[in-house]
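Asks: Sequences are here, hints too, so could you generate the full structure?
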Amino acid sequence: LHGLRHACSPASSPIRRALWTLALCTSLGLLLSWSSNRVLHWLALPTATRVHTQWARQLDFPTVTICNNNPVRLPHLTKSDLYFAGHWLGLLHANGTARSLVLELLRDERLAWFRKLSDFRLFLPPRRFPGTSLEFLDRLGHQLDDMLLACKYRGEPCGAHNFSTVSFPIFVYICFSFFF
Numbered sequence: 013l014h015g016l017r018h019a020c021s022p023a024s025s026p027i028r029r030a031l032w033t034l035a036l037c038t039s040l041g042l043l044l045s046w047s048s049n050r051v052l053h054w055l056a057l058p059t060a061t062r063v064h065t066q067w068a069r070q071l072d073f074p075t076v077t078i079c080n081n082n083p084v085r086l087p088h089l090t091k092s093d094l095y096f097a098g099h100w101l102g103l104l105h106a107n108g109t110a111r112s113l114v115l116e117l118l119r120d121e122r123l124a125w126f127r128k129l130s131d132f133r134l135f136l137p138p139r140r141f142p143g144t145s146l147e148f149l150d151r152l153g154h155q156l157d158d159m160l161l162a163c164k165y166r167g168e169p170c171g172a173h174n175f176s177t178v179s180f181p182i183f184v185y186i187c188f189s190f191f192f
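The sequence shown begins at 13 in this note's numbering and counts up by one.
Since the hints were made in silico from the structure, they are not lab data.
A hint or two may mislead.
[Said to hold, decoys possible] Quick list of simulated restraints, FRET-style, between CB atoms:
| id | residue 1 | residue 2 | range |
| --- | --- | --- | --- |
| 1 | Arg-111 | Ser-179 | 23 to 31 Å |
| 2 | Cys-170 | His-53 | 49 to 57 Å |
| 3 | Arg-166 | Phe-135 | 46 to 54 Å |
All values reported here derive from a predicted model rather than from experimental measurement.
Glycine included, C-beta positions come from ideal geometry on N, C-alpha and C.
Replies: Okay, here's the thing in structure tokens:
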């Protein structure tokens, strides 16, 4: 549309203005013609679909891994477990006192139980603690039988026996993977 100022300029000669007007009208006509053609084509909703379906006889099943984000079941903690791993689990401060957030989250009888468990005044810790090993996590961690409500694969029932216990070095909890 920058040609409009040349077509309407009184300082230009009449021939020059006529040529600019002709060029402007031609360009505008071509723009409207081609644009309307594309708009009409778009409004016609042309569709070309080619489908080829091939049914798979058997799909490869990906490995399904179930993890519980809670590393331990609190009721299974012993005083020794809490003494040695309480700070690592985020339940105790480095000095062995209970974290205030933990005390706020626990309710009534669970709070009383935790206060009693975290009272180390008359506690004599064992000489050796095996550390936070897989056995420790397996003993205190959530079991698949408690988490798996139902399982069916290819129309057949499956259960905890179809899962394998796995652990990942970056996680602090036990996971279970399905291998059928």
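Asks: Would you mind marking each hint as holding or not holding in the structure?
Replies: To see whether the hints hold, each was checked on the structure:
no.	hint	verdict
1	Arg-111 - Ser-179: 23 to 31 Å	26 Å, holds
2	Cys-170 - His-53: 49 to 57 Å	54 Å, holds
3	Arg-166 - Phe-135: 46 to 54 Å	53 Å, holds
When each numbered hint is compared with the structure, no violation occurs for any of them.
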